[in-house]
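Trainee: If you want the building blocks of each chain, they are given just below.
4 protein chains.
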Amino acid sequence: MQSIHTNTGVTNTAILLIYCQDKQGILASVTEFLNENHGNIIYLDQHVDHEEGLFYMRVEWELDKFAIPREKISDYFETLIARKFGIKFALHFSDKKPRMALFVSKMSHCLFDILSRYIGGDWETEIPLIISNHETLRPIAARFGIDFHLIQKNEKNKADQEQLELDLLNEYAIDFVVLARYMQVLSDQFVSNYPNRIINIHHSFLPAFAGAKPYHAAHQRGVKIIGATSHYVTADLDAGPIIAQDVVRISHIDSVESLVRKGRDLEKIVLSEAVYKHLQRKILVYNNRTVVFN
Amino acid sequence: MQSIHTNTGVTNTAILLIYCQDKQGILASVTEFLNENHGNIIYLDQHVDHEEGLFYMRVEWELDKFAIPREKISDYFETLIARKFGIKFALHFSDKKPRMALFVSKMSHCLFDILSRYIGGDWETEIPLIISNHETLRPIAARFGIDFHLIQKNEKNKADQEQLELDLLNEYAIDFVVLARYMQVLSDQFVSNYPNRIINIHHSFLPAFAGAKPYHAAHQRGVKIIGATSHYVTADLDAGPIIAQDVVRISHIDSVESLVRKGRDLEKIVLSEAVYKHLQRKILVYNNRTVVFN
Amino acid sequence: MQSIHTNTGVTNTAILLIYCQDKQGILASVTEFLNENHGNIIYLDQHVDHEEGLFYMRVEWELDKFAIPREKISDYFETLIARKFGIKFALHFSDKKPRMALFVSKMSHCLFDILSRYIGGDWETEIPLIISNHETLRPIAARFGIDFHLIQKNEKNKADQEQLELDLLNEYAIDFVVLARYMQVLSDQFVSNYPNRIINIHHSFLPAFAGAKPYHAAHQRGVKIIGATSHYVTADLDAGPIIAQDVVRISHIDSVESLVRKGRDLEKIVLSEAVYKHLQRKILVYNNRTVVFN
Amino acid sequence: MQSIHTNTGVTNTAILLIYCQDKQGILASVTEFLNENHGNIIYLDQHVDHEEGLFYMRVEWELDKFAIPREKISDYFETLIARKFGIKFALHFSDKKPRMALFVSKMSHCLFDILSRYIGGDWETEIPLIISNHETLRPIAARFGIDFHLIQKNEKNKADQEQLELDLLNEYAIDFVVLARYMQVLSDQFVSNYPNRIINIHHSFLPAFAGAKPYHAAHQRGVKIIGATSHYVTADLDAGPIIAQDVVRISHIDSVESLVRKGRDLEKIVLSEAVYKHLQRKILVYNNRTVVFN
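Chains as they are written, first to last, in this note's numbering: chain G, 1430 to 1723; chain C, 1430 to 1723; chain W, 1430 to 1723; chain Y, 1430 to 1723.
Possibly wrong hints are sitting among the right ones.
One copy or any two copies: either way a pair holds, since identical chains are not told apart in the list.
List of simulated lysine-lysine pairs, BS3-like, C-alpha gap at most 27 Å [said to hold, decoys possible]:
1) K1526 with K1513
2) K1494 with K1513
3) K1526 with K1501
4) K1494 with K1452
5) K1526 with K1691
6) K1691 with K1582
7) K1535 with K1452
8) K1525 with K1691
9) K1517 with K1691
10) K1535 with K1587
11) K1587 with K1501
12) K1513 with K1501
13) K1711 with K1535
14) K1711 with K1452
15) K1517 with K1582
16) K1706 with K1691
17) K1535 with K1513
18) K1513 with K1642
19) K1525 with K1587
20) K1706 with K1535
21) K1585 with K1642
22) K1526 with K1642
Derived by calculation from the structure, the hints in this document are not laboratory data. Being a predicted model, the structure only gives us computed values, none of them experimental.
Let the sequences and hints guide you as you build the complete structure.
Mentor: If you want it as structure tokens, here you go:
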């Protein structure tokens, strides 16, 4: 099922994410480089972390009058600017839509929320693949015309099954993976294939209540606010760089069941916010933390 | 498309919504009435508005051992309790699923959010009918197997077309209507057929920015927070009893376009919250205000 | 310095906090007991925790026409109602102002917030005593005309110094203690003298970042929201029953210093909210959790 | 009463607030101007409003090695940069503490909150003057050692009394005025003397419930969230540029009285946030809107 809306007439842009030790002149040099080559800047945000002495920047400019051909931008920037300041950078193009794979289990709320944005035309992405360890959500995938693969794992076959998953990701040319309440722990080996490219939603306000059954734990502890956390997956469970969090007030009236109900809304909104920021190339990761540009 | 989940083994309950002048003994009388007749109370919330001298109550009890047959409860309660205290009440049964009709235009986010909860089995409702003034969302209705009727109105044919809508609502035995960003004003005549049974979502923090283009108005005014408001529709535009509201912080960085994007999440969550409360029979309306029980 | 405002003409009330196994008829029995004896109920809230099978209630009624003399209410209620249902209860009178002692260190924001509400006449309390381990805030105590005692502790003299504190609390007839960023851990022995009567503010969203330097830990972890938590002090550090929590959004832009600044507003509001609820006798503690009535 | 804390060892900085039509090269030119003259930039934030084609910027740099003497910076920047791009700018120095006058009536919560931050050393400001139309808060001013002037107005003497106020503001060398729940409308003539330098707190979520008795109006309308708004005062009542807003959830349970109580916390936090941003020179006003830098 294709998007019911189409975007037309949007100018292609280049996006540069920059990260280096803070030094005088970086900002001026980068903006001059773009100005001199007729790159019309439509977004610029930068930040200096004075505690760590680090400079971060996201700049986006229009390609249509830019003097440097797009395939050479990376090379020119590396040679003319990056080397001088010791800059690490990533270059993206707005007309390259990242391809997403969804990993799901039985719960549908995050899946639906993502698909509704996809079909609604809110996101610049392609979603060709859904992988699950249960059949439950296959009918939904079918309604949306997205390939659905059942891959069930147990302790014994986990490595083999993950290899099947990696093969599928490769076959479908997937750029990043979204765990939409997948409820399975991926191996370090799997994760290492997609560094900062696997987004998970954890149904608690991390670092509180990491691990299993966070709503039960929250209820047991008697907190007055619950939360949800989206983060990049790393080798350490629920300990990767946090992208987005949100919370909702609860009270003694709430049972575990009502926490689960209220939490669903948090989970889907917080996960989709993280995916949106990832698609916009607005996330930069360092020291297991994120810079999320506005 | 049926729900992918099923609820089983749930006991049927009766729900009583009560509203009257506050007097001594109402609460004791109502709870005694239920206790004496072996009605196991599973929910009770009440409130006294001391400014207006009014008493409100919602009580829910299990029917299986209740001594009074369900078809006679209303009569008995009227005779034995309500008359004595001048109580106005509404009686509902949990096994009677309210039937919802959705009115939509071109935007899909609220529609999707409602359908995802419906299909996900979160709500006790039936949604047999979608009415729209545009063809845009027909494919989505089709995917979910819900009847979709195009009814286009102009100034000249509005009365006739609304009659068609009322006929459809009647034909489908609709209990209440949800305007999921319908973008059309219903006539007083239409509204009078469904008092406190038409739920609208307005994309502002009412009473600020009632009427058209609230995000433009919010941006123009330079507010630092935007909101969304769900309310029952009355004859006065955007002035009906408010059911739920939520807000999100914005800043000078936000364009009208980004307000629209951020607002979508508010709108769908706030509308669905109102629908959920309506389905739970937790809303009581008086003096153009709502009591929304927890 | 006395309050700049005075409350006059307020009727004295009795407040009953109730807690027992849920059984049929408790609510009706309690309200009848009050109605029959001409106790005009001005507040009633109750809740059943169906997971634990527990019933909670707070009811407040006017004393002026109540048939039972205030000194006999407890006895009558115990005999006529409580025994029948196995109710545990606490009885309070609105004209008995709880006496508060403040424990402070160097930071003034929570102290000021509490004193401003006290002087502003917002709270029904007396604050005759401030204890500190530093001289820093003595001038503020002096300005407000409140006795200030310096009691410095080290590992060696802790038990003796705490005994001095207990003597002071006794001498000043203190009902409950508020740790307004006191930054010292009280011994179990001390705490056991004031069960559910010592309120602390912890500068994190507990259970995340318990212990020392939570803002540093939050910054290090890269969370997107920080919080503050008020709770009753128990033998376990930062693990007592939570009374109130609040949060504020942060981003990669925030340094530890700005977290500290933003956190101050959270801390003072969350602590004062807890004190207010305590003064209103709206908190009921069980299983290391709180019921906080509206 | 002086601050109980002192800041030492802080380097003096210059702060430039910039505002102009967006053109290529502004950002590079400004940062180069500072870099070339050895101005170590410690803060830079900029934004382009693409809808209006406007560029905004706040940059702050250390003065100690800056090549241009502070008294000549404005002239040099005007000549070398501002003319070229048509930039409007304001230049501030961090060691020049703005002097604040407080206008109050009878309510103490905003006054206390501001004084507690002042005394606590959180703010770089001087507060030598409090003006009120009531005697109520004179004792508090006395406790804090701040001059208090009673200036009572009626319809007849308003112009004369405002002239007295203006004379006092002049005498005390006041830079900006904070209306801490002053409850009086200032004349256009008065306001015109302090453009974007009078900060008011309105006890509603503007533009909803402008004018008198907003909590009564909010209760009457049955909103589910209330708010507070700080803004610069202009000739139009409650219609000046909004600086900060915050909200809190309410329900049918809340009486007007409890809205007033909950609103007090909003009011003081939102007003103090606006004052803080003003003191930090982080607010830029255009088209009756504010840019509030982080």
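Trainee: How do K1535 and K1452 come out at 27 Å by Cα distance, when the copy is not named: within, between, both, or neither?
Mentor: neither (50 Å within a copy, 38 Å between copies)
Trainee: With identical chains treated as interchangeable, where does the CA-CA distance between K1494 and K1513 reach 27 Å or less: within a copy, between copies, both, or neither?
Mentor: Both: 26 Å inside a copy, 24 Å across copies.
Trainee: How would you label the pair K1535, K1513 (within, between, both, or neither) given a Cα cut-off of 27 Å?
Mentor: Classified as neither; 51 Å inside a copy, 47 Å across copies.
Trainee: Can you tell me if K1525 and K1587 fall within 27 Å by alpha carbon in one copy, between copies, both or neither?
Mentor: Cα proximity of K1525 and K1587: none, with 33 Å in one copy and 46 Å across.
Trainee: Which holds for K1513 with K1501 at a C-alpha limit of 27 Å: within a copy, between copies, both or neither?
Mentor: The answer is within: 18 Å in one copy meets 27 Å, while 33 Å across copies does not.
Trainee: Cα distance capped at 27 Å. Does K1711 pair with K1535 within a copy, between copies, both, or neither?
Mentor: Close neither inside one copy (30 Å) nor across copies (29 Å); limit 27 Å.
Trainee: Should K1585 paired with K1642 be assigned to within, between, both, or neither, using CA atoms and 27 Å as the limit?
Mentor: Classified as within: same-chain Cα gap 24 Å, cross-chain 43 Å, threshold 27 Å.
Trainee: Is the C-alpha distance from K1526 to K1691 at most 27 Å within one copy, between copies, in both cases, or in neither?
Mentor: between (33 Å within a copy, 22 Å between copies)
Trainee: Since the copies are identical, ignore which copy is meant and state whether K1526 and K1501 lie within 27 Å (CA to CA) inside a copy, between copies, both or neither.
Mentor: within (20 Å within a copy, 51 Å between copies)
Trainee: Regarding K1711 and K1452, is the shortest C-alpha distance of 27 Å or less found within a copy, between copies, in both, or in neither?
Mentor: both (22 Å within a copy, 24 Å between copies)
Trainee: Have a look at K1517 and K1582 and pick one of within, between, both or neither, based on CA distance no larger than 27 Å.
Mentor: Answer is neither: 38 Å inside a copy and 51 Å across each miss the 27 Å cutoff.
Trainee: When no copy is specified for K1525 and K1691, does a C-alpha distance of 27 Å or less occur within a copy, between copies, both, or neither?
Mentor: between (36 Å within a copy, 24 Å between copies)
This entry does not satisfy hints 1, 6, 7, 9, 11, 13, 15, 17, 18, 19, 22, going by the numbered hints stated previously.
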